[in-house]
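Residue numbers (our numbering), protein chains in the order written: chain A, 106 to 224; chain B, 573 to 720.
Just so you know, the hints here were simulated from the structure itself, not pulled from any lab data. Here the structure is a predicted model, which means the values were calculated and not measured. C-beta: ideal position from N, C-alpha, C; glycine also. Mixed in with the good hints, there may be bad ones.
In the DSBU-like style, the derived pairs of lysine-lysine whose C-alpha atoms are separated by at most 35 Å in a straight line are [unchecked claim]: (1) 654/B / 155/A; (2) 209/A / 637/B; (3) 660/B / 200/A.
Where chain B lies over chain A, by a calculated footprint (3+ residues, C-beta under 8 Å) [to be verified]: (4) 113 to 126; (5) 158 to 170; (6) 176 to 187; (7) 190 to 198; (8) 210 to 220.
Between beta-carbon pairs, the in silico distance windows are [stated by the list, open to error]: (9) 124/A / 677/B: 26 to 32 Å; (10) 579/B / 150/A: 40 to 46 Å; (11) 682/B / 114/A: 46 to 52 Å; (12) 695/B / 155/A: 28 to 34 Å; (13) 121/A / 634/B: 26 to 32 Å; (14) 151/A / 601/B: 43 to 49 Å; (15) 139/A / 678/B: 45 to 51 Å.
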Amino acid sequence: MQSETKSRTDQLTTPAGHSVAVLRFEGDIASTSKDAVLGAYQSLPKATNKLILLDFTKVDYINSSGIALVIQMLIEASNFDQKVYAFGLSAHFTKVFTMVGITKYARLFASEPEALAAL
Amino acid sequence: MNRSKPTSVEVRLPSRMGFEKVAMSAAAAVARLEGFREDRIEDLKTALAEACINAIEHGNRLNEKRTVVVVLSAVDDALEVKVIDDGKGIKAQPVKPDIDRKMHGEEDPRGMGMFLIQALVDEAEWVSGTDGKSSYVRLVIRLDKDAE
């Protein structure tokens, strides 16, 4: 019933010359999304990926279990001195992420160009 | 929508994760017919999804033989939603998540469902069934809430 979560990773360079790993998600982010969310993040070598950008443009549904996966990622990233950012959330999920405090640890941007320009 | 008496719609869900989306779609359709703004409909969908997930997982313990009943009632300028399961009800009250405690491993990263429910609708109450089952959560979202 839940839409399977797909994820893929792109390695980009920001206009400022920094390397960024962009994790692009598609589908629902729920309790069944552990491999697609945490697995995709954990497959990135920690030493060479210090900037992580999450793309939620193609995500329509995120529930509290999905939010918990994002928080688990933030905890792990914090432990390895990685910075996490995100873009592409709807206005509603931007509000939800703000309500639960995620924005304190992951800055949100409206779009990919805006995010890359800031990093 | 003009009407002379309250409108009521009932949806019955199997206790299987993912079926909360059926209730979300039904609630969104009813809310649109009642003239709710899209941002309020999104609030309702998320709150209802969390209520259904709690009913499926904790109330009915993922037993697919048990049904979660969602009753959507449009009354005057509000939409009332009851999510009924076969559990004994929830005694705990919603707690605002503390992201700092979560980040430091002092609080479970999960457990935000009840907080989201309470934060996104105008009223939320958890009622335990008198017979030790048939508990429900009752949500109310109002049509005239000012835009944020």
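A quick look at each hint next to the structure:
1. 654/B / 155/A: Not satisfied, since the Cα-Cα distance of roughly 46 Å exceeds 35 Å.
2. 209/A / 637/B: violated, 42 Å
3. 660/B / 200/A: Status holds; Cα separation ~32 Å.
4. 113 to 126: Not satisfied, violated; 0 residues make the cut.
5. 158 to 170: With 4 residues closer than 8 Å to chain B, the segment 158 to 170 of chain A meets the three-residue bar; holds.
6. 176 to 187: It holds, with 5 qualifying residues against the three required.
7. 190 to 198: Holds, because 3 residues of the segment 190 to 198 of chain A bring their Cβ atoms closer than 8 Å to Cβ atoms of chain B.
8. 210 to 220: Violated - the segment 210 to 220 of chain A has 1 residues with a Cβ nearer than 8 Å to chain B, which falls short of three.
9. 124/A / 677/B: 26 to 32 Å: holds, 29 Å
10. 579/B / 150/A: 40 to 46 Å: violated, 56 Å
11. 682/B / 114/A: 46 to 52 Å: violated, 25 Å
12. 695/B / 155/A: 28 to 34 Å: For residue 695/B and residue 155/A the Cβ distance comes to about 45 Å; the hint is violated.
13. 121/A / 634/B: 26 to 32 Å: Hint violated: Cβ distance 48 Å, outside 26 to 32 Å.
14. 151/A / 601/B: 43 to 49 Å: holds, 46 Å
15. 139/A / 678/B: 45 to 51 Å: violated, 22 Å
When the structure is compared with the earlier hints, violations turn up for hints 1, 2, 4, 8, 10, 11, 12, 13, 15 and for no others.
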